[in-house]
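Enquirer: With the hints as constraints, model all of the structure from the sequences given.
From first to last, the protein sequence lines stand for chains R and S. For the first sequence, the residue numbers in this note's numbering are 1 to 217. For the second sequence, the residue numbers in this note's numbering are 1 to 217.
If you're looking for bench data, these hints aren't it; they were derived computationally from the structure. Just so you know, these numbers come straight off a predicted model, no measurement behind them. Don't take every hint at face value.
Repeated chains share a single entry, so a pair holds when one copy, or any two copies, can fit it.
Straight line, CA to CA, 20 Å or less: simulated EDC-like cross-link-like pairs of lysine to aspartate or glutamate [stated by the list, open to error]:
(1) 164 / 126
(2) 215 / 88
(3) 149 / 88
(4) 77 / 44
(5) 77 / 173
(6) 164 / 176
(7) 46 / 79
(8) 149 / 172
(9) 46 / 76
(10) 171 / 9
(11) 149 / 59
(12) 215 / 126
(13) 77 / 147
(14) 171 / 196
(15) 171 / 32
(16) 149 / 173
(17) 212 / 88
(18) 46 / 159
(19) 46 / 160
(20) 171 / 147
(21) 77 / 32
(22) 212 / 126
2 protein chains.
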Amino acid sequence: MTADLSRTDRTRLRRSHERGHFDRETLYGILDAMPLCHVGYNIDGKPVVMPTCQWRQGDHVYWHGSSASRGLRAAEKMDVCLTVTLMDGLVLARSGMHHSANFRSAMIYGVARKIEDTDEKVASLEAFVEGLTPGRWDTLRPINAQEIKATTVLSMPIDEASAKIRTGGPKDDEEDYALPIWAGVVPITMTIGEPEADPRNLPGLEVPADAKAVKIG
Amino acid sequence: MTADLSRTDRTRLRRSHERGHFDRETLYGILDAMPLCHVGYNIDGKPVVMPTCQWRQGDHVYWHGSSASRGLRAAEKMDVCLTVTLMDGLVLARSGMHHSANFRSAMIYGVARKIEDTDEKVASLEAFVEGLTPGRWDTLRPINAQEIKATTVLSMPIDEASAKIRTGGPKDDEEDYALPIWAGVVPITMTIGEPEADPRNLPGLEVPADAKAVKIG
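Expert: Set out below in structure tokens:
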């Protein structure tokens with residue numbers, strides 16, 4: 001594991017410092033738990049936040065999309081911010097002020113690089129599929145040249161980044177603990193359901209281990 | 001319900017047009033299903049994507065935070081993009097190319113307005129708490145002047161906005177349906193757990209209806 005994350009003015013936490021984490025293990029744990037991310041681009045000088053899937057290979061984060069995507073075209077060699085958040089619960093306090101949410105979030109700032117090398121691009125897409133559904137890539141109809149061309153993969157080093165985590169119950173004003181108000185946490189989890197077969201699957205095909213191996217949350 | 005959403009160059013879908021929705025009912029359904037949002041700000045000319053909770057009152061979307069938040073300070077009277085996304089499943093296709101995700105997302109562009117009027121600010125915070133935990137606000141220790149001052153509430157009209165939804169199974173290349181590859185959907189849902197009481201609750205307090213009423217997803 002390489003050096004700790006860079007602390008800059010952007011990644012510095014201004015409030016609730018106890019929630020900040022600057023070690024790679026914590027940050028990687030959040031990225032690996034949740035493929036959904038939101039990427040912020042500047043398009044014509046205005047912010048655009050697009051949902052997409054991210055995956056991690058070593059100390060880089062990746063995302064992809066159609067080569068025609070305006071976000072992906074805007075991202076190349078431009079500053080972006082990629083954020084991953086899991087909401088783990090609602091925190092119900094004794095005052096409105098101290099209501100909160102339990103969450104894990106990771107923010108990565110950087111400049112995106114478009115992967116031009118075909119082998120590197122295919123390897124990254126394989127890593128994406130294998131990360132979610134281990135063992136699946138080699139069972140698929142192989143990717144072809146036209147598909148590779150139509151897909152843009154972007155990559156960014158995980159360096160200027162931070163994680164923020166809130167866990168546990170409400171933190172009320174000391175005098176409010178004497179009030180007869182129920183306080184606590186309503187937990188939220190992501191549930192992975194049973195794989196649903198495509199009606200056009202050939203007869204006799206069983207659910208493969210890759211589809212059963214999905215873990216998110 | 002007011003007029004349909006504004007179609008602009010930013011909200012126009014360039015690809016997968018069948019996934020786009022421009023009616024308020026669909027957009028509001030997504031906002032109301034998921035408090036977690038990601039707001040994109042331009043800070044010093046660079047994009048920053050911050051996770052926070054949003055809530056809707058009529059045809060406006062709201063979010064809030066500490067009055068010291070750099071995002072909230074940057075947002076006032078500036079262009080922002082607020083995006084809400086629910087990931088509903090992984091779509092496993094017969095080729096890597098057609099792997100996808102089922103999702104519902106809403107993107108709202110606009111200029112944020114800071115709510116200065118105290119009554120309007122308190123009413124909006126009440127709407128936030130009531131939206132997630134109906135009936136809770138009036139049971140809480142009332143908000144005080146210092147808390148109101150320390151909280152910034154931003155609001156934005158829902159006008160330049162669009163929803164995007166993908167549902168269903170994989171859409172493979174026609175010739176790939178003949179291949180003996182299992183395809184289908186791995187569903188993802190958000191599960192609301194049993195409320196967990198704060199150990200410092202006074203004896204005899206039962207879980208209130210508001211905590212049992214949380215619905216997300």
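Enquirer: Run every hint past the structure and note whether it holds.
Expert: Against the structure, the hints come out as follows:
For the identical chains of this complex, residue 164 and residue 126 are neighbours neither inside a copy (29 Å) nor across copies (26 Å), given an alpha-carbon limit of 20 Å. Taking CA atoms no more than 20 Å apart as the test, residue 215 paired with residue 88 passes in both settings, with 15 Å inside one copy and 14 Å between copies. For a Cα distance limit of 20 Å, the shortest separation of residue 149 from residue 88 qualifies neither inside one copy, at 38 Å, nor across copies, at 28 Å. Taking identical chains as interchangeable, the C-alpha atoms of residue 77 and residue 44 lie at most 20 Å apart whether they share a chain (15 Å) or sit on different chains (17 Å).
Taking CA atoms no more than 20 Å apart as the test, residue 77 paired with residue 173 passes in neither setting, with 47 Å inside one copy and 33 Å between copies. For the homomeric pair residue 164 and residue 176, neither the shortest alpha-carbon distance inside one copy (27 Å) nor that between copies (43 Å) is at most 20 Å. Taking the shortest alpha-carbon separations for residue 46 and residue 79, both the intra-copy value of 13 Å and the inter-copy value of 6 Å come in at or below 20 Å. When the C-alpha separation of residue 149 and residue 172 is checked against a cutoff of 20 Å, the pair qualifies only between copies, where the shortest distance is 18 Å, while the shortest distance within a copy is 55 Å.
Both within a single protomer and between protomers do residue 46 and residue 76 lie at most 20 Å apart by alpha-carbon distance, with minima of 16 Å and 14 Å respectively. Proximity of residue 171 and residue 9 under a CA criterion of 20 Å is satisfied in neither setting, with 28 Å inside one chain copy and 45 Å between copies. Within a single copy, residue 149 and residue 59 get their C-alpha atoms no closer than 25 Å, and across copies no closer than 41 Å, so neither meets the 20 Å cut-off. Taking the shortest alpha-carbon separations for residue 215 and residue 126, only the intra-copy value of 17 Å comes in at or below 20 Å, while the best inter-copy value is 36 Å.
Taking the shortest Cα distances, residue 77 and residue 147 never come within 20 Å of each other, neither inside one copy (23 Å) nor across copies (42 Å). In this homomeric assembly, residue 171 and residue 196 come within 20 Å of each other (Cα to Cα) only across copies, at 14 Å, whereas the closest approach inside a single copy is 42 Å. Taking CA atoms no more than 20 Å apart as the test, residue 171 paired with residue 32 passes in neither setting, with 29 Å inside one copy and 27 Å between copies. For a Cα distance limit of 20 Å, the shortest separation of residue 149 from residue 173 across copies, 17 Å, qualifies, whereas the shortest one inside one copy, 58 Å, does not.
Within a single copy, residue 212 and residue 88 get their C-alpha atoms only as close as 23 Å, which misses the 20 Å cut-off; across copies the closest is 16 Å, which meets it. Within a single copy, residue 46 and residue 159 get their C-alpha atoms only as close as 25 Å, which misses the 20 Å cut-off; across copies the closest is 16 Å, which meets it. When the C-alpha separation of residue 46 and residue 160 is checked against a cutoff of 20 Å, the pair qualifies only between copies, where the shortest distance is 13 Å, while the shortest distance within a copy is 22 Å. In this homomeric assembly, residue 171 and residue 147 come within 20 Å of each other (Cα to Cα) only across copies, at 15 Å, whereas the closest approach inside a single copy is 52 Å.
Proximity of residue 77 to residue 32 under the C-alpha cut-off of 20 Å is found in neither arrangement, the shortest distances being 25 Å within a copy and 36 Å between copies. Taking the shortest alpha-carbon separations for residue 212 and residue 126, only the intra-copy value of 18 Å comes in at or below 20 Å, while the best inter-copy value is 43 Å.
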